[in-house]
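Student: Numbering (our numbering), first residue to last: 5 to 366.
These are calculated hints, taken from the structure and not from any lab test. Incorrect hints may have been included.
Stated by the list, open to error - Capping the alpha-carbon separation at 20 Å, the derived lysine to any residue pairs in SDA-like fashion look like this: (1) Lys327 to Ile341; (2) Lys327 to Ile72; (3) Lys352 to Asp366; (4) Lys151 to Lys120; (5) Lys120 to Glu78; (6) Lys352 to Gly56; (7) Lys352 to Asn116.
Claimed, not checked - For each label pair, taking beta carbons as the anchor points, the in silico distance ranges come out as: (8) Thr237 to His51: 43 to 49 Å; (9) Asp153 to Pro6: 46 to 52 Å; (10) Gly79 to Ala351: 41 to 47 Å.
Just so it is clear, CB atoms sit at the ideal spot from N, CA and C, and this is done for glycine as well.
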Amino acid sequence: MPQTVKAVIARAKGAPVELVDIVVPDPGPGEAVVKVEACGVCHTDLHYREGGINDDFPFLLGHEAAGIVEAVGEGVTDVAPGDFVILNWRAVCGNCRACNKGKPWYCFATHNATQKMTLTDGTELSPALGIGAFAEKTLVAAGQCTKVDPDAEAAAVGLLGCGVMAGFGAAVNTGGVGLGDSLAVIGCGGVGNAAIQGGKVAGATTIIAVDVDDRKLEQAKKFGATHTINSKTEDAVEKIREYTGGFGADVVVEAVGRPETYEQAFFARDLAGTVVLVGVPTPDKEITLPLIEIFGRGGALKSSWYGDCLPSRDFPMLVDLYKQGRFDLGAFVTEKIGIGDVEAAFAKMHDGDVLRSVVVLD
């Protein structure tokens, strides 16, 4: 039978979010209903509320989540009721040209649940990133559920569902940071700090954090930054070169998504170095670079979407590192809040007061 549960929606562009009743249908073929235990408040949720993604209101917000599978539909074999899972927004198809090339992290046909969750009056909801987890229960494609160690804390490991995975993967999967490398990260929010900690886990020996907020730079040290640069008062490119023997960093992760910071990243990399764009730009942003510099420096200019992750491979591995004390997911959790506190969490996010507020559900 369909269930009625509490959830947080954005009804109109810029309007405060609302805690309402929604209807979650029984899972159909290839689908699963998940009882949400915790869900992080991500900038992407705020972008949805502000109309920055699309205008398919009303949105069911929330996507950085972990919980327990309650029921599965016909044909689901990878997860079962009772499994503790992290939700992901890239359920790979297994059949597209990327999957057939053995690169499923580039899957071009990721999928979501077929059925729609609704308001009690029947209005269909658009779930954020195909998940919608500011809710007591949510309906997803079974492939969006990644089974992990049930002893892990939901509030911490749920953050792998988006921002932390994006940052870690940008440094390690896309950038290929390795033993003895130098890494510079521009923008030290949740994604940037995850890239910093990813560099530390991978064995980078020089890890440089760049931001305009001294509070964030101090915090970046806790995640593994060996050097910090406030680019409001210092030339970031010159300082990165200074900290890397005059050469520039092997890998520079740009976690802001602005032309001026991307230009810093480009000129702050070593010859044959790699620039990784993981910060999400708005559609109006453009950049001009000297073509001779692109040619002469060699290396690679890459973008990283969801950290080029494969959830079935990366989530269990990172949960294991977390449980071993080698990857501190708990450090990203600034506060735990109730499901009715999302609007206040957006305000704190806007002011730069939190890395992650996490909604914890009973």
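Student: Report the numbers of all earlier hints that the structure fails to satisfy, in ascending order.
Tutor: Checked against the structure, the hints that fail are numbers 1, 3, 4, 7, 8 and 9, while the rest are satisfied.
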